[in-house]
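Listed below, chain by chain, are the residues.
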Amino acid sequence: MAVVSANSTVMNNVETVRATLYEALRNDERTLIIGEDVGARGNVFLITKDFVGEFGERRIVDTPIAEASIVGIAVGMAMEGLRPIAEIQFADFIYPSFNQIVGEAAKIRYRSNGEYTCPLVIRAPYGGGVRGALSHSVSVEALFYHVPGLKIVAPSFPADVKGLLNASIDDPDPVLFLEHKKTYRLIKGEVPNGHYTIPLGKANVLKEGAQLSVVSYGLYVHWALEAARQLEQEGLSVEVIDLRSIRPMDKTTILQSVERTRKLLIIHEDNKFGGIGAEISAMVAEEALFNLDAPIRRLCGPDVPAMGYALPLEEEFMSSPAEMAEAMREMVKF
Amino acid sequence: MATTITMPQLGETVTEGTVAQWLKNIGDSVDKYEDFVEVSTDKVNAGVPSPVTGTITELLVKEGETVATGTPIAVIEETGAAAPASAAAPVQTPSQPIQVASPNGAKPSAIESAEAESARGASPAVRRLAREHRLDIQTIKGTGVNGRVTADDILAAARTASSTTATAPAPPPPPTAPTIVPGATRTSTYAQPIPGTFVQLSQARRIIAERMVESKHTAPHAWSMVEIDVTHVWQWRLREKDRFERETGSKLTLLPFFIRAVVQALAAFPLMNAKYVAASGSSQSGIYVNDEVNIGVAIGLPANLVVPVIKHADKLSIKGIAIAAGDLIDRARRGKLNVDDLAGGTFTVNNNGANGSWASAPIINGGQAGIVTMEAVVKKLVVRDDDSIAIRQMMNSCLSLDHRVVDGYVASGFLADLKRRLEAMGPQGEL
Numbered sequence: 034m035a036v037v038s039a040n041s042t043v044m045n046n047v048e049t050v051r052a053t054l055y056e057a058l059r060n061d062e063r064t065l066i067i068g069e070d071v072g073a074r075g076n077v078f079l080i081t082k083d084f085v086g087e088f089g090e091r092r093i094v095d096t097p098i099a100e101a102s103i104v105g106i107a108v109g110m111a112m113e114g115l116r117p118i119a120e121i122q123f124a125d126f127i128y129p130s131f132n133q134i135v136g137e138a139a140k141i142r143y144r145s146n147g148e149y150t151c152p153l154v155i156r157a158p159y160g161g162g163v164r165g166a167l168s169h170s171v172s173v174e175a176l177f178y179h180v181p182g183l184k185i186v187a188p189s190f191p192a193d194v195k196g197l198l199n200a201s202i203d204d205p206d207p208v209l210f211l212e213h214k215k216t217y218r219l220i221k222g223e224v225p226n227g228h229y230t231i232p233l234g235k236a237n238v239l240k241e242g243a244q245l246s247v248v249s250y251g252l253y254v255h256w257a258l259e260a261a262r263q264l265e266q267e268g269l270s271v272e273v274i275d276l277r278s279i280r281p282m283d284k285t286t287i288l289q290s291v292e293r294t295r296k297l298l299i300i301h302e303d304n305k306f307g308g309i310g311a312e313i314s315a316m317v318a319e320e321a322l323f324n325l326d327a328p329i330r331r332l333c334g335p336d337v338p339a340m341g342y343a344l345p346l347e348e349e350f351m352s353s354p355a356e357m358a359e360a361m362r363e364m365v366k367f
Numbered sequence: 073m074a075t076t077i078t079m080p081q082l083g084e085t086v087t088e089g090t091v092a093q094w095l096k097n098i099g100d101s102v103d104k105y106e107d108f109v110e111v112s113t114d115k116v117n118a119g120v121p122s123p124v125t126g127t128i129t130e131l132l133v134k135e136g137e138t139v140a141t142g143t144p145i146a147v148i149e150e151t152g153a154a155a156p157a158s159a160a161a162p163v164q165t166p167s168q169p170i171q172v173a174s175p176n177g178a179k180p181s182a183i184e185s186a187e188a189e190s191a192r193g194a195s196p197a198v199r200r201l202a203r204e205h206r207l208d209i210q211t212i213k214g215t216g217v218n219g220r221v222t223a224d225d226i227l228a229a230a231r232t233a234s235s236t237t238a239t240a241p242a243p244p245p246p247p248t249a250p251t252i253v254p255g256a257t258r259t260s261t262y263a264q265p266i267p268g269t270f271v272q273l274s275q276a277r278r279i280i281a282e283r284m285v286e287s288k289h290t291a292p293h294a295w296s297m298v299e300i301d302v303t304h305v306w307q308w309r310l311r312e313k314d315r316f317e318r319e320t321g322s323k324l325t326l327l328p329f330f331i332r333a334v335v336q337a338l339a340a341f342p343l344m345n346a347k348y349v350a351a352s353g354s355s356q357s358g359i360y361v362n363d364e365v366n367i368g369v370a371i372g373l374p375a376n377l378v379v380p381v382i383k384h385a386d387k388l389s390i391k392g393i394a395i396a397a398g399d400l401i402d403r404a405r406r407g408k409l410n411v412d413d414l415a416g417g418t419f420t421v422n423n424n425g426a427n428g429s430w431a432s433a434p435i436i437n438g439g440q441a442g443i444v445t446m447e448a449v450v451k452k453l454v455v456r457d458d459d460s461i462a463i464r465q466m467m468n469s470c471l472s473l474d475h476r477v478v479d480g481y482v483a484s485g486f487l488a489d490l491k492r493r494l495e496a497m498g499p500q501g502e503l
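Protein chains in written order, with my numbering: chain A, 34 to 367; chain B, 73 to 503.
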């Protein structure tokens, strides 16, 4: 962690998560962290290291390996006025808590006619490319994407991690906060000091371009940006949009971009079928068909049950910057 | 424009390459497709062709140095910016004259069918823009893939139309700026030939030309043809086609069935899977009978011909051949073939019938004993052995053979065997 100016600090993504949680715990007594190994162990990525010493066991709550209980307890706390930040150690382990998230948390406001809300954040490291094999590589966003009442956030840059995590904690409704674990130490950036939020549901145009709009999120944002910059050298102009929030979807930013470029490529790591790209494709086809000069294309994970441990299997699953550049080239030239 | 050349990926699993030797120095000029560096990897040593014509301005890696694929290794300053086939040509600058609908509706006829095709495939944006600008899509020359009219083409045509309507009649747009080479000969490219111009050979075309001449001059070609009843194979293919495509994502054509019959016939006639070895030094001339059956598949591309090879085709089922051939054809069209894909062929199959060809006399691929074609499948009235008349699907298959290796006796036996095997296939079974 290096302070480059009085106003910002250079941090990687995992340091930013830790710093943001620390400030939240300091600034708001209602906040607490609940999950596996968050106490004495200090989280498997050391995000909550030493927290229990400072904030005590009532605010840094170690649980058994029981994800349904982690979220279920947090839902009750949130309904009664606390601001729990539940942690699923790896997104791959979220399934036992599915009912608590989908069946309970997402429906509480509606079910109680607004009498109760559920200001709950569920943090989950997700994603592959780290030799995590079948149970430490999964992208889970599409499973929850279908559920009204639930927000899903997946930042790519440290500054966004902080602003969006603060906004998620402030939000009166449940937020699934997905952190791509390959970006944890890979991605560094300047993070403004002090408290700030970035509104949920707002995408970020990272690079402007005239011939193709590329929409992505998570790790692949960085690779798509790399590919687009490479194409710049070839005289091809590609716009790169970081969704940041997966749901609510920032329709306006996507549609304004497609209106200019007339071509859309969606890139994500999660499986293609029924994924985030499918919904964006459908939205653009419904809203902007007569602006499209090429079929919408999705570059996504293959429809296989999981990411294999063997390196060739993992590489086959993941899209590379070179593959992204090739897809972009083909679409620009179409 | 300066083009940065990166270390190419020579082979699927290769992640780095060593600059073995620079074939050009800084300041040297280099032609498009001309090798300018030799790269070695653990799998292959290969010359790397320049993607552009120009002058070498920077060499970024020393000889003997190993770098990751994708690492910049050289910079070439491009000359003749008007090269229309340049892969990196910006799409907004149409290098071709744009035709705008004239008030009396006259339209050019030469490429009408291609344009009608692209109009049918016009994107929603193109249709909307054409409507808004009152332009006829069919009169606009496309700059997209396969001549597709793009939204930018419409907008460019609209700009031209608005700037010329005031001064009708519109002057003909200037032709593409000719590239002047020493000797002042006008040139054009193979992909977009212009009458009255000189087409310079790409490296690939030069090699094709040399090898064709060499084969035709050294191997005395003889030719034969059989007519094959493919009705049952055809029915089998139709029966399996949808499921096959669903399961593998590849199309199921007649090709794999044919190759299967070819490799079986080659097993029965090993001399057809051989090559003539000329005398050199103290070694005498002879015939080498190959112990592998590797089938080259001729694939025509817009600017050249490639013959990738299905290795050990005799060890593959029809399904296995279909998948291997589908992969090669797909990668050939995308320009993704490796050096390995093109090597080691022992016999060649040319699927020549797609455009209706009924007979052809192919040139043997050098170092092989023969090449066999599949011609168009056509329905014919056939008088059968029992004197009944039937409508059958018939296909001619033509064989060119190296008469130094085999005579008509072996060749006609091979063709008869091929015919017998294909006619015995189907109409159902395990692929």
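Treat each hint with caution, since some may be false.
Said to hold, decoys possible - One side only, chain B facing chain A, incomplete, derived with CB under 10 Å:
#1 Val139
#2 Gly142
#3 Thr143
#4 Arg200
#5 Val217
#6 Ala223
#7 Arg258
#8 Arg318
#9 Ile401
#10 Ala404
#11 Arg406
What the hints assert, rightly or not - Restricting the straight-line Cα-Cα distance to at most 30 Å, the calculated cross-link-like pairs of lysine-lysine (DSS-like) are:
#12 A:Lys140 to B:Lys104
#13 B:Lys408 to A:Lys366
#14 A:Lys305 to B:Lys104
#15 B:Lys288 to A:Lys305
#16 A:Lys366 to B:Lys104
#17 B:Lys391 to A:Lys366
#18 A:Lys305 to B:Lys213
#19 A:Lys305 to B:Lys391
Claimed, not checked - FRET-style restraints, in silico, Cβ to Cβ:
#20 A:Asp70 to B:Arg199: 51 to 61 Å
#21 B:Arg199 to A:Pro181: 33 to 43 Å
#22 B:Asp399 to A:Arg293: 45 to 55 Å
#23 B:Lys408 to A:Lys284: 29 to 39 Å
#24 A:Leu344 to B:Thr143: 15 to 25 Å
#25 A:Ala315 to B:Lys451: 42 to 52 Å
#26 A:Ala243 to B:Gly428: 36 to 46 Å
#27 B:Ser112 to A:Leu344: 38 to 48 Å
#28 B:Ala263 to A:Arg293: 27 to 37 Å
#29 B:Gly219 to A:Ala39: 39 to 49 Å
#30 A:Lys140 to B:Gly219: 50 to 60 Å
#31 B:Ala340 to A:Leu344: 42 to 52 Å
#32 A:Leu288 to B:Arg199: 31 to 41 Å
These aren't lab readings, by the way, just hints derived from the structure by calculation.
We put the CB at the ideal spot given by N, CA and C, even for glycine.
Does 45 to 55 Å hold as the CB distance between Asp399 (chain B) and Arg293 (chain A), or does it fail? violated (37 Å)
Falls inside 33 to 43 Å, the C-beta gap from Arg199 (chain B) to Pro181 (chain A)? holds (36 Å)
Hey, does the Val217 (chain B) contact hint survive, CB to chain A under 10 Å? Holds - the Cβ of Val217 (chain B) comes within 10 Å of chain A, reaching about 5 Å at its closest.
Hint check: Lys391 (chain B) vs Lys366 (chain A), CA-CA at most 30 Å. Holds or violated? Answer violated: Lys391 (chain B) to Lys366 (chain A) is near 34 Å, above 30 Å.
Verify the proposed pairing of Lys408 (chain B) with Lys366 (chain A), using a straight-line Cα cut of 30 Å. With a Cα-Cα distance of about 17 Å, the restraint between Lys408 (chain B) and Lys366 (chain A) holds, given a limit of 30 Å.
Please verify that hint: Ile401 (chain B), Cβ, nearest Cβ of chain A, below 10 Å or not. Check failed: Cβ of Ile401 (chain B) comes no nearer than 18 Å to chain A, outside 10 Å.
Holds or violated: the 15 to 25 Å window for the beta-carbon distance between Leu344 (chain A) and Thr143 (chain B)? Hint holds: Cβ distance 21 Å, inside 15 to 25 Å.
Using the C-beta atoms of Lys140 (chain A) and Gly219 (chain B), is the stated range 50 to 60 Å upheld? For Lys140 (chain A) and Gly219 (chain B) the Cβ distance comes to about 54 Å; the hint holds.
Lys305 (chain A) paired with Lys104 (chain B) [C-alpha distance capped at 30 Å]: violated (39 Å)
With the threshold set at 30 Å, check whether the alpha-carbon distance from Lys288 (chain B) to Lys305 (chain A) stays at or below it. Given that 30 Å is the threshold and the Cα spacing comes to 51 Å, the pair is violated.
Can the restraint linking Lys366 (chain A) and Lys104 (chain B) be considered satisfied, given a maximum Cα separation of 30 Å? Since the Cα atoms of Lys366 (chain A) and Lys104 (chain B) sit roughly 20 Å apart, the hinted pair holds (cutoff 30 Å).
Any CB of chain A closer than 10 Å to the CB of Arg258 (chain B)? violated (26 Å)
Comparing the model with each numbered hint stated earlier shows that hints 1, 3, 7, 8, 9, 10, 12, 14, 15, 17, 18, 22, 27, 29, 32 do not hold.
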